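**Q** Chains as they are written, first to last, in my numbering: chain A, 21 to 177; chain B, 21 to 177.
I should point out that these hints are in silico values taken from the structure, not numbers from a laboratory.
For clarity, every value in this text was computed on a predicted model and none was experimentally measured.
Don't take each hint at face value.
Pairs involving identical chains hold if they fit within one copy or between any two copies, as the list cannot separate such chains.
Derived lysine-lysine pairs resembling BS3-like cross-links, with alpha carbons at most 27 Å apart [stated by the list, open to error]: (1) 62 / 118; (2) 133 / 65; (3) 172 / 96; (4) 65 / 118; (5) 146 / 96; (6) 96 / 107; (7) 141 / 96; (8) 34 / 45; (9) 62 / 172; (10) 107 / 172; (11) 141 / 107; (12) 34 / 56; (13) 146 / 62; (14) 65 / 172; (15) 45 / 96; (16) 62 / 107; (17) 172 / 30; (18) 118 / 45; (19) 65 / 45; (20) 146 / 107; (21) 96 / 65; (22) 30 / 45.
There are 2 protein chains.
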Amino acid sequence: MRITLLAVGKTDSKELVSLMESLEKRLPAFIRFERKELPDVKNAKNLPEMELKNAEADLILSQLGSGDSLIILDEKGEEFTSVEFSKFLDRQMTHSVKHLVFCIGGAFGFSDKIYHLHPQKVALSKMTFTHQMVRLFFIEQLYRAFSILQGKPYHNE
Amino acid sequence: MRITLLAVGKTDSKELVSLMESLEKRLPAFIRFERKELPDVKNAKNLPEMELKNAEADLILSQLGSGDSLIILDEKGEEFTSVEFSKFLDRQMTHSVKHLVFCIGGAFGFSDKIYHLHPQKVALSKMTFTHQMVRLFFIEQLYRAFSILQGKPYHNE
């Protein structure tokens, strides 16, 4: 299995990039992982919210190959503890998922189109974090999940 | 009301410090806030987990003034959405809490002593994040909460 984190918009903080990269350097020991940042929609600031979300949805959907499994990261999604999340990932591998794509939306979240086509939602928290910081939280959680699955000393219960 | 974030151990990443500071610069418009990092317990690496947690507990308790209200940040605590968390903070102000202290434990969490004396727990997530990153998540959530209470355009529902 390989995992992609698909995010709308570039990461605008060099600190966040640096923190993500230090985890991403260690992830290949566990899993093939890629962070893919989609370009911002042109003229985004002047678009009505709905139009912006639809344009972002088209961009997201254009990235998916047939057979890819898309999971939306959304605070209204299913919550897991870190151990439960590691088991969730393990189940995906057991079910022969080849490419698991987690997606973080733009500042306004996702359009209904995305929710209808890809109803599976996971929440990192009930709280709303910036769509920029969530990238770091997710990558840390992914690293933690695989360290749990492989019995490495990173996670303390 | 003023709010303190009490954390065990220095923040070891300059990127995290920089991200926290950029939010802390903007917090005084909303609330008097201080991040207070307690020194690491001496010889921590060689102490049994229980002894380390007890030493950290003594350090935490020594920081509290009479009348301070301590809330433990712990993944087993009560969960809020960002809007609910803003209402929680608002209720503290309504109840004339003068000094609200949120506390992040060390790598192994808190000793039972702390839980017995200060049973109020809030969870930023059911997931476990590093006790370093949680500092940033908390400060962002605090900034978000007050921007919600004051009707500022930061949080998108």
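**Q** All the hints need checking, so say for each whether the structure fits it.
**A** Right, here's what the structure says about each hint:
Taking CA atoms no more than 27 Å apart as the test, residue 62 paired with residue 118 passes in neither setting, with 32 Å inside one copy and 47 Å between copies. Taking the shortest alpha-carbon separations for residue 133 and residue 65, only the intra-copy value of 21 Å comes in at or below 27 Å, while the best inter-copy value is 51 Å. For a Cα distance limit of 27 Å, the shortest separation of residue 172 from residue 96 across copies, 23 Å, qualifies, whereas the shortest one inside one copy, 31 Å, does not. For a Cα distance limit of 27 Å, the shortest separation of residue 65 from residue 118 qualifies neither inside one copy, at 36 Å, nor across copies, at 41 Å.
Proximity of residue 146 and residue 96 under a CA criterion of 27 Å is satisfied in both settings, with 7 Å inside one chain copy and 13 Å between copies. In this assembly of identical chains, residue 96 and residue 107 lie within 27 Å of each other by CA distance both inside one copy and across copies; the values are 20 Å within and 19 Å between. In this homomeric assembly, residue 141 and residue 96 come within 27 Å of each other (Cα to Cα) both inside a single copy, at 7 Å, and across copies, at 22 Å. For the homomeric pair residue 34 and residue 45, the shortest alpha-carbon distances inside one copy (16 Å) and between copies (18 Å) are both at most 27 Å.
In the homo-oligomer, the alpha carbons of residue 62 and residue 172 lie at most 27 Å apart only across protomers (26 Å), although the nearest pairing inside one protomer, at 44 Å, exceeds that limit. For the identical chains of this complex, residue 107 and residue 172 are intra-copy neighbours only, at 15 Å inside a copy versus 40 Å across copies, given an alpha-carbon limit of 27 Å. With identical chains, the CA atoms of residue 141 and residue 107 are at most 27 Å apart both within one copy (16 Å) and between copies (26 Å). In this homomeric assembly, residue 34 and residue 56 come within 27 Å of each other (Cα to Cα) both inside a single copy, at 16 Å, and across copies, at 25 Å.
When the C-alpha separation of residue 146 and residue 62 is checked against a cutoff of 27 Å, the pair qualifies neither within a copy, at 30 Å, nor between copies, at 36 Å. Taking CA atoms no more than 27 Å apart as the test, residue 65 paired with residue 172 passes between copies only; the shortest distance there is 18 Å, against 45 Å inside one copy. Within a single copy, residue 45 and residue 96 get their C-alpha atoms no closer than 30 Å, and across copies no closer than 30 Å, so neither meets the 27 Å cut-off. In the homo-oligomer, the alpha carbons of residue 62 and residue 107 never lie at most 27 Å apart, since the shortest distance is 39 Å inside one protomer and 36 Å across protomers.
Taking identical chains as interchangeable, the C-alpha atoms of residue 172 and residue 30 lie at most 27 Å apart only when they sit on different chains, with a minimum of 24 Å there against 32 Å within one chain. In this assembly of identical chains, residue 118 and residue 45 lie within 27 Å of each other by CA distance solely inside one copy; the values are 22 Å within and 45 Å between copies. Taking the shortest alpha-carbon separations for residue 65 and residue 45, only the inter-copy value of 26 Å comes in at or below 27 Å, while the best intra-copy value is 34 Å. Taking the shortest alpha-carbon separations for residue 146 and residue 107, both the intra-copy value of 20 Å and the inter-copy value of 15 Å come in at or below 27 Å.
Proximity of residue 96 to residue 65 under the C-alpha cut-off of 27 Å is restricted to the intra-copy arrangement: shortest distance 25 Å within a copy versus 39 Å between copies. Taking the closest pair of Cα atoms, residue 30 and residue 45 come within 27 Å of each other both inside a single copy (19 Å) and across two copies (24 Å).
When each numbered hint is compared with the structure, violations occur for hints 1, 4, 13, 15 and 16.
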